[in-house]
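Trainee: Assemble the complex: chain E is given as a structure, and chains A, Z and V must be docked to it using the hints.
Chains as they are written, first to last, in the numbering used here: chain E, 1 to 306; chain A, 1 to 306; chain Z, 1 to 306; chain V, 1 to 306.
Because the hints were derived from the structure by calculation, they are not lab data.
All values derive from a computational prediction rather than experimental measurement.
Some hints here could point you the wrong way.
Unchecked claim - Not the full set, but computed from the structure, chain V residues with beta-carbon under 8 Å of chain E:
#1 Ile108
#2 Val173
#3 Pro182
#4 Pro188
#5 Arg261
#6 Ile262
#7 Gly264
#8 Leu298
For every residue, glycine included, the Cβ atom is placed at its ideal position computed from N, Cα and C.
Protein chains: 4
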Amino acid sequence: MPRIAYLGPEGTFTEEALRLMEPDADRMPCATVGAALNAVRSGEADGAVVPLENSLEGGITTTLDEFAWGEPLLITAELLLPVQFSLLARPDTEMVHIKRVYTHPAAITQCRGYINRELPDAFVVSAPSTAAAAQEVSLPGSPYDAAIAARIAGEHYGLVEIAANIGDRTDTVTRFVRVARPGTLPEPTGSDRTTLVVFLADDHPGALLEMLTEFSVRGVNLTRIESRPTGDGIGRYFFHFDFEGHVADARVGEAISGLHRICGEVRFLGSYPRADGITTQIKPATTDAAFTEATTWLAQIRRGGL
Amino acid sequence: MPRIAYLGPEGTFTEEALRLMEPDADRMPCATVGAALNAVRSGEADGAVVPLENSLEGGITTTLDEFAWGEPLLITAELLLPVQFSLLARPDTEMVHIKRVYTHPAAITQCRGYINRELPDAFVVSAPSTAAAAQEVSLPGSPYDAAIAARIAGEHYGLVEIAANIGDRTDTVTRFVRVARPGTLPEPTGSDRTTLVVFLADDHPGALLEMLTEFSVRGVNLTRIESRPTGDGIGRYFFHFDFEGHVADARVGEAISGLHRICGEVRFLGSYPRADGITTQIKPATTDAAFTEATTWLAQIRRGGL
Amino acid sequence: MPRIAYLGPEGTFTEEALRLMEPDADRMPCATVGAALNAVRSGEADGAVVPLENSLEGGITTTLDEFAWGEPLLITAELLLPVQFSLLARPDTEMVHIKRVYTHPAAITQCRGYINRELPDAFVVSAPSTAAAAQEVSLPGSPYDAAIAARIAGEHYGLVEIAANIGDRTDTVTRFVRVARPGTLPEPTGSDRTTLVVFLADDHPGALLEMLTEFSVRGVNLTRIESRPTGDGIGRYFFHFDFEGHVADARVGEAISGLHRICGEVRFLGSYPRADGITTQIKPATTDAAFTEATTWLAQIRRGGL
Amino acid sequence: MPRIAYLGPEGTFTEEALRLMEPDADRMPCATVGAALNAVRSGEADGAVVPLENSLEGGITTTLDEFAWGEPLLITAELLLPVQFSLLARPDTEMVHIKRVYTHPAAITQCRGYINRELPDAFVVSAPSTAAAAQEVSLPGSPYDAAIAARIAGEHYGLVEIAANIGDRTDTVTRFVRVARPGTLPEPTGSDRTTLVVFLADDHPGALLEMLTEFSVRGVNLTRIESRPTGDGIGRYFFHFDFEGHVADARVGEAISGLHRICGEVRFLGSYPRADGITTQIKPATTDAAFTEATTWLAQIRRGGL
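Isolated chain E (complex conformation) (with noise of 0.2 Å):
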């Protein structure tokens, strides 16, 4: 049984996407994504399940950074988790009685319309996490009377859900990944995404219309780009890439070693099946035949026969 560690504590999404990716782990919750990773790096953990972005808040800066700048990890799954807010009162409290409401901002933003049409003057305060808010509701003399969360927080914390998916938008989504020290990849399934992180040898004009077309030139579709601050002043950053892929595949190895060559470092993350189940669209230029058959022509050539 894998000891997976995840952004705890007990009761958070990243708990409920661990449980779908793997049901029978071992699950380590951890104070932050940092505290996560290390549990892998350090073999504490064989693995981690964390967020890395969100249909409506974007990226997850920390994880962004913690893969590009801390000791190397390799993701090797992924997954898009809808996110369902629940309202999680104790045992026997009504609607009526919910006076004071705690959750995480992020939360409060997402269910302002709920709160508004339904709790219109409830107080809420500011949790530091949703499954946070959960917990401190769920003690008795607790001086709130509902949380907003997951509803796997109540489970955990013996609350009751008195309104399921509360949310304004019901198509809100986070893309957990699951990561583990570098080994073995996950092998291609013809659907796969690549992850990887770039920083530029020099910071020149057009350095990153160049890399685009290290890209573009093997037929290599990108599905996200990112920019994250290098740290040495404003206006320098480096990139974050998902790509549609697998690096075992002719096209993606050619493309990334041409990013390897140009920038000043470029950082796999992994290839991984796509949580979307979207098969890649590959021209026929870029087929794996395509460069076999390129590559046995050229070596023709190369003898001197034509």
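Mentor: Chains A, Z and V in isolation, oriented as in the chain E frame:
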């Protein structure tokens, strides 16, 4: 005396930025970036100063999203402010008495070296903002002995600066912008920056490459690109661009007109003098004179003259 | 009745092209392409018809170079003329009598199948032009029994067409253009072609890629590119471009203005209806309407309106 | 002693080129470029020397088309030969006696200044080649008094050089290539050129831009591009490319493999030392060492190592 809203409370780095940009302004602290910007939109304030990005933390996503989605506003100036943290306490506090420190989590991260070295036994607690931490410490009976905050916060709340510039890095910088309601643009100075938000018409492979090519063909150099989620699911992004030059420049005008034609929506956020004062290097083929000459030539050949 | 110079003598394919383009013209045969064009330049002729390229032989370099270096002229129309060779002889000549055939070397090459099959024992001699061959054969006492030439040459010189369309390929085509002194351009028709000559400012690596990018960014499709030596040594070239669209089109105007800015010299050779009548496919982002809309938008944001 | 075919008859500039390239060869004059190349193909000759382009006239289309369509051959060397015309006559001829001059039309064009100045009253007649003109003049009873040809033609046919270097330009150059049957390639020297012929798979808009991008992404600089008609109608072309570097170079190999994947057919015509001896400038990111290092890196990350 213009009335300028800013991200408060009193004593924030934003206030420090505002004092440097508009020494004589009537300062109006607001609880959130959104509130500061809304004060401008409603006419309650004449302008606002808000943080846009930080050299360690990256883009301030609240600001980025407010600019993209809220009622349009114009950036009219920018400032680069070194982030210098001070250790602040009530008068007569000595170093040995400091057992509990209160500050914003970003400050904890950025002052970790100092804390470990000088206050190894102190208990450090997270505050909503550095200014709020200083305010709290200033209250008689506060459970905290010291705050880490901007020096200006000490002046506001009657605290003494026990140690100055205690951040681990001395080169951390935050970029602030001053915004106004749409109206007259700042004059071009030869050292200008322009900021745009761009929404794709349809998110096809190569769309970002096409956008960057619109810039490069007109010799316009990007200085920042930031992707943000549109909210419509993982994989859907819009983009913030900063680039050299002023919308009054011919090459900039043609480049962003090109973006306007190929993209779903381009929102112009302003052209304003660069805080670093670096003069834009323009290739001979993309000066205003070159554009004017080409326009004359085109008019002539369209009339059948050669 | 306009006086139109053409590449003579009477009976050339060029005359045939001229008759199709300008049935009522006063035809003025000239010894060379240069002479025909000079007749226009001097005012002696109102226009000229000259060959530009052939689907087997390629560009007619004399014409290309005359357009590039001579006093400027405008192309106002084009014609695609199938090259159909006839075997022409004096009246009463029968196939069995044909022992000596006279024609231009290109015709020898292009009718090799027919000659080998039908005239295996004939002696074939090179003539300066197919029309000159017909003229020679028409003379009493000519040493030649037949000419291979355009049917029109037979009509001119009183020869009988013994066999028609004897070329090995039935799809060979020559493209002719009608030129005039600079003046009013033909109106855009939606199915237009534009021709340019471009000299580089400095021949740096990537110069051609930059030129093609000026076209592609504005959605302008090339239909022909031809490099010609500048005369200043091996490795120095200038370029002929044909592309879809009319100089009056916004996207064409912007593209060639871009070329004009980055290149040493751009010589406009004309915009004129395509002979094949194919309607130019224009992407929504590069229609005239899209350019107009973008211009309006740009003017508005330059005034500070959003 | 290798037997080398060349474009004859004896006394041509091509013979001069051959003597410089292969002083000890057994020289075999041929009537046409095609005949010279066929002598190599059939094994009758060990190699051939033919002209490829001229700095005034441009590409020698016969040679270009032979390389593209005929049985494959390899270019193994190139030579740049200054084109120096001499006025040649039978012994004892004096300038005042020269009334009829015989030479190739290109020589007439290129020596027009000298002819007008020194032989204003002479009648100038077109010959099939400059060497043929010299040969004719050498015959007793020739109707011509002088030929304009290469000095070497005078040596061959016993003519005296009355005036040397009489061309209007002193810098005209013809580029010759030596070809062989497919076999061992010349070794890379650091100053190499490679020649290709490329046929498009489907002639879509942007196809040429895509081809050039395959080169530019690998830092390969073009030195010549020439379009030639495929024969299948106006608007259908194939391309000749010359570029810096040797097929054994990693960046060249990857670039032409890319072309091979995206194009209908790529025919390799050879890698050989540049006649001008210019050392290829290679950017650090595209040296062989950079490619090797990237290959090692890729293998490592594909194994899951980071």
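Trainee: For the restraint on Ile108/V, tell me whether the closest CB of chain E is nearer than 8 Å.
Mentor: Since the shortest Cβ distance to chain E is 39 Å, the answer is violated.
Trainee: Quick check on the hint: Gly264/V CB to chain E CB, less than 8 Å?
Mentor: 11 Å, violated
Trainee: Take the shortest C-beta to C-beta distance between Pro188/V and chain E; is it under 8 Å?
Mentor: It is violated, given that the least Cβ distance between Pro188/V and chain E is near 11 Å, above 8 Å.
Trainee: Are Leu298/V and chain E close enough, Cβ to Cβ, to be under 8 Å, as the hint says?
Mentor: 5 Å, holds
Trainee: Would the hint on Arg261/V be counted as holding, given a Cβ-Cβ threshold of 8 Å to chain E?
Mentor: 4 Å, holds
Trainee: Tell me if Val173/V is really an interface residue toward chain E, meaning its C-beta lies closer than 8 Å to one of theirs.
Mentor: Hint on Val173/V: violated, closest Cβ of chain E at ~29 Å, above 8 Å.
Trainee: Hold the hint about Ile262/V up to the distance rule: shortest CB distance to chain E must be less than 8 Å.
Mentor: Hint on Ile262/V: holds, closest Cβ of chain E at ~4 Å, below 8 Å.
Trainee: Restraint: Pro182/V near chain E, CB-CB cut 8 Å. Satisfied or not?
Mentor: Check passed: Cβ of Pro182/V comes within 5 Å of chain E, closer than 8 Å.
Of the numbered hints listed earlier, those contradicted by the structure are 1, 2, 4 and 7.
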